[in-house]
Amino acid sequence: MRITLFVPCFVDALYPRVGISAVQVLERLGHTVECPEEVACCGQPAFNSGYWPEARAVAQPALERLRLAEAVVVASGSCGAMLKVFYPQLFHGTPWEEAARELSAKTWEFSDFLVSKLGVTDVGARFSGKVTFHDGCHGLRELGAKQPPRQLLAKVKGLELVEMAAAETCCGFGGTFAAKFPMISTAMGEVKCASAKDTGADYIVSNDSSCLMQIAGLLSRQGEPIKTLHIAEVLAQQ
Amino acid sequence: MKTFVSQFLDAAKKITRDLRHRGLIQTALGKYEVQRDRRKAAFQDYQAARQAAAEAKYEAINHLDEHLESLVSKLEARGTKVHWASTGEQARDIILGIVREKKARSIIKSKAMTAEEIHLNDALEKSGFEVVESDLGEYIVQLRKEAPYHIVFPAMHLTRGEISDLFQKELGSAPTDNPEELTMIARRALRQKYVTADIGITGGNFAVAETGMISITENEGNARLTGALPKTLITLLGIEKVIPRLEDLALFLPLLATAGAGQAITCYNSMYGGPRQPGECDGPEEYHVVLLDHGRTQLLADPEQRDALHCIRCGACLNVCPIYRNVGGHTYGTTYSGPIGSVITPHLRGLQDWKHLSSASSLCGACTEACPVKIDLHHHLLQNRRNAAAEKGWWLERLAYKIFSFVVTRPALYRIAKKVGFMFQPLHRFVKGTALDPARAWTATRDVPQLAPQSFKEYWKRRRKK
Chain Y
1 MRITLFVPCF VDALYPRVGI SAVQVLERLG HTVECPEEVA CCGQPAFNSG
51 YWPEARAVAQ PALERLRLAE AVVVASGSCG AMLKVFYPQL FHGTPWEEAA
101 RELSAKTWEF SDFLVSKLGV TDVGARFSGK VTFHDGCHGL RELGAKQPPR
151 QLLAKVKGLE LVEMAAAETC CGFGGTFAAK FPMISTAMGE VKCASAKDTG
201 ADYIVSNDSS CLMQIAGLLS RQGEPIKTLH IAEVLAQQ
Chain S
1 MKTFVSQFLD AAKKITRDLR HRGLIQTALG KYEVQRDRRK AAFQDYQAAR
51 QAAAEAKYEA INHLDEHLES LVSKLEARGT KVHWASTGEQ ARDIILGIVR
101 EKKARSIIKS KAMTAEEIHL NDALEKSGFE VVESDLGEYI VQLRKEAPYH
151 IVFPAMHLTR GEISDLFQKE LGSAPTDNPE ELTMIARRAL RQKYVTADIG
201 ITGGNFAVAE TGMISITENE GNARLTGALP KTLITLLGIE KVIPRLEDLA
251 LFLPLLATAG AGQAITCYNS MYGGPRQPGE CDGPEEYHVV LLDHGRTQLL
301 ADPEQRDALH CIRCGACLNV CPIYRNVGGH TYGTTYSGPI GSVITPHLRG
351 LQDWKHLSSA SSLCGACTEA CPVKIDLHHH LLQNRRNAAA EKGWWLERLA
401 YKIFSFVVTR PALYRIAKKV GFMFQPLHRF VKGTALDPAR AWTATRDVPQ
451 LAPQSFKEYW KRRRKK
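Chains as they are written, first to last, in my numbering: chain Y, 1 to 238; chain S, 1 to 466.
What the hints contain is simulated information worked out from the structure, not anything from laboratory work. Where is the CB? At the ideal position from N, CA and C, for every residue including glycine. Some hints here could point you the wrong way.
Far from chain Y, by Cβ distances over 12 Å, these chain S residues were calculated [said to hold, decoys possible]:
1) GLU66
2) GLU170
3) ALA250
4) ASP353
5) HIS378
6) PRO411
7) PHE422
8) PRO449
9) ALA452
Result set (DSS-like, lysine-lysine): computed pairs, CA atoms no more than 27 Å apart in a straight line [stated by the list, open to error]:
10) S:LYS231 / Y:LYS180
11) S:LYS374 / S:LYS14
12) Y:LYS146 / S:LYS432
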């Protein structure tokens, strides 16, 4: 299958390892991967802040390019939800509405794609460590992908998966929310981190780097040793 | 005068630092979750129940005019006096008019969020009438001269010790931290009030259009006494409380109890259809129902967010909301707090004044998932943000997004921007945490991730060249 991988702007700039790992996993499964240079951001920051015309200015070129793809895989539940769930709303009543619907139908979050579209749960990964999984809210509630990442992690050799009590509780990132209401965002993150620490895990894994940025930022400030990894980084290891 | 947004920010800053308070709320709502899940499991199919409830409410709200006419005609046929109030002020005037006409000395009241919404107690007290809240939690916050902390649990932010201190001070009781003793202290004070009150005021949980009856559901029996003892009974309720059929209660009562409090069914369920009928031995001599609009028809006119009128005020969305759980009920500064409050307050009290509540959310969607009548809560927050920005955005924020979109849609420029950022990144540590730090909101509590020396796009470009 020819897969168009969409590596979101902040993953591209801050966590390139996540994109590289996603490519490795998809290629290992025998697929061809392309990453269009001209698609950088899905437009979610402006969209979530209410500035929809400004969001469309970013989203429309992305939509034009990605609609040509056979399948679009997004290395982030949040940006995946933007393409799949929110583009049809953002472009509602515009000439791009139809294209947005087409794109929605063939867009997948990375872990959901592996399990639900490709039917793969064992990608031949090996990773030693105790892992707890954080559900990014967009992946969980907008895309309804609770099980796929867990099914994938369960098949990783050497990996022990322990669930935290607050797995489904928001980490408090929320995009611009984290900067507009830092005290609330931080309090929410503290609840999340405490629950993750309670499991005694060595790693917090998620399918959303934006949540991990929040969690890692807090843990690092608190001097906690627990590390964060995107699920693609775990699945790429052999 | 401080703006609503600065009040909210100040209160949020203060309370998020109060770890004791946050712990108290997290613990209480954690226990609620356990109970709720137990009760949800008792439904044959909880999701199907939610769907059925959403459909019944959809029908009720989409034919609100017909259902209201049916409700009113049935109530009036039994001798109830029905009043229509477009605004809070009208509703207050109607109730004050009745109270004055009856020359009431004291008023007993059961829990009603609509009464909070129109500041009814204030109005009655300013006109010289004594009003006593009979719900235990409401009674406690009334003694503290505070607004309810939560739609369903008004005094959940207080410990037994704090309640005991309050009762000692206000009622002269002996100190105790035994919940039953505390309840008895309140009961002794309240029983006297029931007997002497001339007027009872209640809210309503549901209004059955088919039979013309008001359903009140409660755990203490206080609403039942409020309805049974005084000679005159007044019920104040929002027009959206209508449900089409009597049999709908078979669904809504357990759903409300489960979602709201983790109960199978609330302890006391009463139906009010009119004043005492000929041959009946009890009940009020006069029954007034005040139907309140207060912005609800405006919400009804909004096809996107009309479903917010489905709300049965169970408080489930507050209970699961990570924002509510960390900032608590008083921070919002509104009658309705939590996600439902953030959705409807801009409609009821002005978008520009209250838009910050829609922004103060990570849009996690826990509220929508919990709502027993399937209101699309977190997406409505997004729509409020869109409407607020379209009506009157912040020029600086809009400019920032314009610049961002200009850069990210031009690959060469975007590449340069990342390079420049990477070059200047080491300088950040000199300003980190100071007033000059552009990322101060983040860096005050969190470490910042570093721009990678080679972005993914660069990696990809190089790989393709090989």
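Which of the listed hints are not met by the structure? 5, 6, 7, 8, 9, 10, 11, 12
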